[in-house]
Amino acid sequence: MSTDSMLLTPQFLREVSSEFQNYLSTFPDERDKLKILAKQLGEEDRRLCDRKNMTGHLTASALLLNADADAILLIYHNFLKLWLQPGGHLDPDELPLTGAFREFREETGIANIRLHPWHERNKIPFDMDTHAIPANEKKNEGSHFHHDFQYLFVVDGDSYSDEMIKIDLNEVSQYRWVSIAELIEKDHDDRLKRVAAKIKNTLC
-2 MSTDSMLLTP
8 QFLREVSSEF
18 QNYLSTFPDE
28 RDKLKILAKQ
38 LGEEDRRLCD
48 RKNMTGHLTA
58 SALLLNADAD
68 AILLIYHNFL
78 KLWLQPGGHL
88 DPDELPLTGA
98 FREFREETGI
108 ANIRLHPWHE
118 RNKIPFDMDT
128 HAIPANEKKN
138 EGSHFHHDFQ
148 YLFVVDGDSY
158 SDEMIKIDLN
168 EVSQYRWVSI
178 AELIEKDHDD
188 RLKRVAAKIK
198 NTLC
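Just so you know, we're using the working numbering here: the sequence shown kicks off at -2 and counts up by one.
Some hints here could point you the wrong way.
With beta-carbon atoms standing in for the labels, derived distance ranges [stated by the list, open to error]:
hint : residue 1 : residue 2 : range
1    : GLN8      : LYS36     : 16 to 24 Å
2    : VAL175    : ASP88     : 27 to 35 Å
3    : SER15     : MET161    : 19 to 27 Å
4    : GLU160    : TYR73     : 14 to 22 Å
5    : LYS36     : SER176    : 24 to 32 Å
6    : ASP26     : ALA178    : 18 to 26 Å
7    : LYS163    : LEU21     : 32 to 40 Å
8    : ASN19     : LEU200    : 16 to 24 Å
9    : PRO7      : ILE162    : 35 to 43 Å
10   : PRO25     : TRP174    : 31 to 39 Å
Cross-link-like lysine-lysine pairs, in silico, DSSO-like; alpha carbons within 30 Å at most [what the hints assert, rightly or not]:
hint : residue 1 : residue 2
11   : LYS30     : LYS183
12   : LYS163    : LYS197
13   : LYS49     : LYS30
14   : LYS36     : LYS183
15   : LYS163    : LYS32
16   : LYS136    : LYS120
17   : LYS163    : LYS195
18   : LYS136    : LYS30
Read the hints as simulated data drawn from the structure, not as lab findings.
Note that the structure is a prediction, hence the values are computed from the model and not measured.
Glycine residues also receive a C-beta, built at the ideal position from the N, C-alpha and C atoms.
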């Protein structure tokens, strides 16, 4: 893919910047941890979706809540060797919400999902996070930052069963449902612990 094809349109940057500012208005205490993204948006970095942008680039992820809203679906990421939520890089000019839908479906095989009602009241991601990613020699990528926009989803309808899950073995090797309580209390990824507490405080 050419470098020019990864350059974002001004409209895309305006939409992402607006979503970012609305998020900070809702969660002002999180401003400090998003300084790198704020700087790139302020500079109108048109390579913000280019995975070769080692300053940092956008990603999107999806948290699928069970019917009782007390557990989320995690997958085991082969490269990072961590239990994480489904997610990944954005396609050119793909907005984060669209990317979160696509990545979830690709990595889990579950298509019948919809946004959690929280997003009807709050037109923003449930969480934003900037985190460091280690170098990957196989992909010829140095260490860099991901600016992840995370959304909450629920199954659309009553037809869900674990038999619907068809994980993408190129990226992940296992899946499991993990309770919000376990994520908060036990040794899990720092962001997952923080988001689990956010779910408990916001939705429960």
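Cross-check of the supplied hints:
1. GLN8 to LYS36: 16 to 24 Å: holds (21 Å)
2. VAL175 to ASP88: 27 to 35 Å: holds (29 Å)
3. SER15 to MET161: 19 to 27 Å: violated (35 Å)
4. GLU160 to TYR73: 14 to 22 Å: holds (19 Å)
5. LYS36 to SER176: 24 to 32 Å: violated (37 Å)
6. ASP26 to ALA178: 18 to 26 Å: holds (23 Å)
7. LYS163 to LEU21: 32 to 40 Å: holds (37 Å)
8. ASN19 to LEU200: 16 to 24 Å: holds (19 Å)
9. PRO7 to ILE162: 35 to 43 Å: Between PRO7 and ILE162, where Cβ atoms are some 39 Å apart, the hint holds.
10. PRO25 to TRP174: 31 to 39 Å: Roughly 32 Å apart at Cβ, these two residues keep to the hinted range, so it holds.
11. LYS30 to LYS183: holds (23 Å)
12. LYS163 to LYS197: With Cα atoms ~28 Å apart, LYS163 and LYS197 stay inside 30 Å; holds.
13. LYS49 to LYS30: Holds. LYS49 to LYS30 sits at ~22 Å (cutoff 30 Å).
14. LYS36 to LYS183: Roughly 34 Å separates the two Cα atoms, so the pair is violated.
15. LYS163 to LYS32: violated (37 Å)
16. LYS136 to LYS120: violated (35 Å)
17. LYS163 to LYS195: Holds: LYS163 and LYS195 sit about 28 Å apart, inside 30 Å.
18. LYS136 to LYS30: Cα-Cα ~27 Å, so holds.
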